[in-house]
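Enquirer: What follows is the residue order along each chain.
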Amino acid sequence: MKGLAAQLASTLRLHFRNRMALIYGYLFPTIFLIAFWVLYRYDQVPLVRHVGELLTVTVLGGACFGLPTTMVSERERGVWRRYRLTPISIGAIVASTVAARYVLVVLAGLLQLALAMAVGMPMPQHPLELAIAFTFVAFAFLGMGLVIAMLADNVPAVQALGQCIFLPMLIIGGVAVPLASLPDWAQHVSAFFPGRYAVQALQSTVTTAGIGTARFSLLALTLIGLAGCAAGAVMFRWDAGERFSRRRGRSGVLVALAAWAAVGVLAETRGSIGAPASGRATAQGGSEQPPSAAASGETAPAVTPAPVTDGTLSPTRSGRALTIHATAAEQEAARGRSASGAGRETSPASAPPPSAPAPASAPEPAPASPPPGNTPAGPALPASWQAVTPADIDREIVFTRLPPDEGVVTPIATSDEQPETDVADEVELLKSLLPTWPPAKVADPVQRVRNYLYVMAVPDIFQMQTERFIPPVVFDRLEQEFPKNDLIKILFWIALTPYEGDDKAVDQMQPFGIQNGPPDANELRNRSAIYAVKLLGRLTGKRPGK
Amino acid sequence: MIDRTMPSALLVRDLQKRYGTVLAAQGVSFDIRAGEVFGLLGPNGAGKTTTIECVLGLREPDAGEITVGGVDARRQPAVVKEKIGASLQATALQDKITPREALTLFGSFYARGVPAAELIDRFALGDKADAPFDSLSGGQRQRLALALAFVNRPEIVVLDEPTAGLDPSSRHELHGEITRMRRDGYTVLLTTHDLDEAEVLCDRIAIIDHGRIVATGAPHELVAGSRNAQTVSAIAAGPLAASDFADLAGAEELTVDGSMVRCRTTAVTRTVTDLMARLDARGVGLVELHVQKATLEQVFLELTRDAGVQA
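Respectively, the protein sequence lines represent chains A and B.
Residue 546, in the working numbering, is where the first sequence stops; the numbers in between run on with no holes.
Residue 1311, in the working numbering, is where the second sequence stops; the numbers in between run on with no holes.
All the given hints hold, so there is nothing to weed out.
Which bits of chain A does chain B cover? Going by a derived footprint, with three or more residues having C-beta under 8 Å, they are:
{"hint": "1", "stretch": "6-18"}
{"hint": "2", "stretch": "72-79"}
The list that follows gives simulated cross-link-like pairs (lysine-lysine, DSBU-like), each with its CA atoms no further than 35 Å apart:
{"hint": "3", "chain 1": "B", "residue 1": "Lys1096", "chain 2": "A", "residue 2": "Lys2"}
{"hint": "4", "chain 1": "B", "residue 1": "Lys1128", "chain 2": "B", "residue 2": "Lys1096"}
{"hint": "5", "chain 1": "B", "residue 1": "Lys1083", "chain 2": "B", "residue 2": "Lys1128"}
{"hint": "6", "chain 1": "A", "residue 1": "Lys441", "chain 2": "A", "residue 2": "Lys484"}
{"hint": "7", "chain 1": "B", "residue 1": "Lys1128", "chain 2": "A", "residue 2": "Lys2"}
{"hint": "8", "chain 1": "A", "residue 1": "Lys484", "chain 2": "A", "residue 2": "Lys504"}
{"hint": "9", "chain 1": "A", "residue 1": "Lys484", "chain 2": "A", "residue 2": "Lys542"}
{"hint": "10", "chain 1": "B", "residue 1": "Lys1083", "chain 2": "A", "residue 2": "Lys2"}
{"hint": "11", "chain 1": "A", "residue 1": "Lys441", "chain 2": "A", "residue 2": "Lys431"}
Because the hints were derived from the structure by calculation, they are not lab data.
Don't be surprised by glycine CBs; every beta carbon is placed ideally from N, CA and C.
Just chain B, with the same shape it has in the complex:
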């Protein structure tokens, strides 16, 4: 689906930004291909928002390079703004402006504005198109914010914490919307700290912590490449004793509870082979056997914890 030979839709290289004594970004680099949904993950204060704001031209970086569709964002911010559509956290508009007016107004700021009616239709705002902003629900406001991100037929869409503060159904709706963006071929950069969301929505993610990118890749690659242990659990046909499993090959944090044995291991094959051999030696039948990969959350915690220690 993603053409790796295409030029970068967004390239960030060695971005640096300091606030007083705090280094909010210290050499952030990533590269988003056209048509890719790219997630920027990180704990609060990791530098996600600073990075996004530098990309959007809301902040001037101290150093580094930002290129959007081949255009230097720091030298030609006005050109770049024509190419980017963005939805920031907590987008606010004037109380009495209606979605139709807002879309028309913002469309007029761009060289190629999309007609308001088209966006109202696409983002299902028809019922509230002429209602004042202060009468819209959270989900409707979020849809309007997304619609506003599309008023200029953007080449790249930047969504900062798009699902923060939404109820489950609005969130589900938004996920559908982002999936649709991917299908329509939009390039999307989104930030989130919801790992499930990132895993479902993103082609690739970058994990940022303390102003540095600590890992980049497709979610399954990150999990696969993790040093993190997998979990092995087995349920036997009869009761087990902890002493039977002493020094089980590769096992850590082993627990035995009635007929169930569970441990973590970084050498799954060795651990499972040894476990089967011991059960067989004691003549106990196997009822269930599970091997569970590390979750993205575990990867995330591992990476950000390590980075924290390093820092």
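Only chain A is shown next, with the shape it has when bound in the complex:
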């Protein structure tokens, strides 16, 4: 016991002298935290819905790399051989190494929580249960780390094996990419990785009813942890040269794999493979984009539109061939051209083909389209919004090309879709603030409608939790405020002239938890115009909402 405590203390002390270990152990979790914060800073309460993911990544890193790297490098150098001459038992060495690693991941987790709270995250709802869930998660992953340490002969092998577990778990295991964003097959695959159970168990203690709702996850983590420890014990080797007998080694790996498989099968038979109850994903259906995509700040790459030749707003482009990034110069040139186009532009409201649901196909302004004067067959368009006629709308808009309401671009919740409580609270707050919001009071009705449209477009661009629930609120507000006929005309007018007016309103969205507008103004105008056309469709009955 005395030896175990001394060994534990020594391991911890040496860890804090190892610069690389500190970088792995503390800098990386901090970078992850910042990355998550950047991704989700527009949430009303940043990060709180992602604590599970964040802490899981930390434990995963410590377990898949930290623990086995320490163990394998000491074994490789013959340090363990020296220990072996002493009366201290294998169990004590492994236990103290694992215990030290547990302390280290707890410290990293606390660091992350502290930083997250410093940037606005509220205190987790069940801190004690969070500690318990964290321990289960650490147990499961440290068990896996032991298996890696026993399988790997040297440190490079740890890296290779660790990545084999780390990356899939991050990407299709429900850790870094929310489960609901994953295709169905990946959700089933994720049931066989401990990551999703870890996220679920941790998250349940932060935002929802508590650990009691994550019993299956705790069971899964326990099984995986036990299997890892058993396999680690079976495969234990004092030095790298000591080849564990093949049968024993194989049986160790089989134990670990069998536990993983058992957990997956169990989850499948329980039918708990859909997105987890506590996950943000439930509310968003399958529409959420991977954070990694959003992390680049590139919410929707620009698309160069094809010229519109038939005088209608329907796009003539098709498929992916046209999803080309416009260079800044092209955009600039295009903008110049459109500015000279007598204030008349082809609306972006004509949607990308439904077959390309990714934001990559989000419509771009149609700057390259020639001014109407250049289209010989095109009839004259109205001179002002008041002059818009139903015939103009019929002629100019092809409602069938709009992006789907359940998609990624300009989503709109159906009337029977219920947001999670915290999302509902945010939407409710927005609804109550909207009547007093200064940009909703400007005199020019067209500008006022534009401002309302931005209220939908900005959360859409930032892929905020609330994005799909805000449009119904804004639509109601618009219908209350404007006579139906005027609203139809104004929306059409905005669809025709998406780049006119100003977008100062996006910098006044702090009451809604949005500190600054999106970096790409074109994107903002496009999304606003699409929402305009979607509402137009509803008002005219040409594209009713669901």
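Chain A is fixed; fit chain B onto it per the hints.
Expert: Same frame as chain A, now just chain B:
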């Protein structure tokens, strides 16, 4: 100095260990008395390390008996580990651990740990006591490894190739250290393939080859008991002819070079008597006469070569 009536500090009897088809130890037996410095000599792959590792509990023998201070090492490994202090080849520790920390840590693993300060002092590690392991020189690391072997006040010290890879001055220092262990009454088992070292340091040696002990005894006994020839060389006052020494009694490999004659013989007295008689008969004066015993190296080569042939 060595009390032959004392019980064995270490007894190894009929030790067997097989790796796949290779018999690394096939009936190794030896017995070390308390206070004795015992050397295990043998070429690479002879079974030295396997034997040592079995004694230290690093490997499980297939058969045989190992008793340390009267305790069965195979049945009570934990008790035996309290009695043995060991320094293995290339002892490594964590890069950032200091000698003081390492000695304290390892001391805590034993029931009776020696205070780190005492060992730092004894093994002259004071200057580097708080320096990280990765900043120590080869000699300092070796001293630390030795110090670690003493953290439990061992009854028997096992040193595996203690001088391998050391520079001459560190090696000299280490020899002094082992001599001191003997003076202090420690029982020491060391392996080496340096015969001079064994001859200087060890009270007794065992030569191991192909997993068997081929000879055991004090170095001078082994040499004396050797079948190996001694060398006789004489320098005369005048030039000599090879024909004068044809059929010299007992002589082998005879060479005559100017005024010098040299041969090997297993019958020194007969050879020297005959040589003197022939010089006297030719009226040539004797300037120098040397008789050289066989070296331990020759004994070693003879024994291991023979064993190799037998095997």
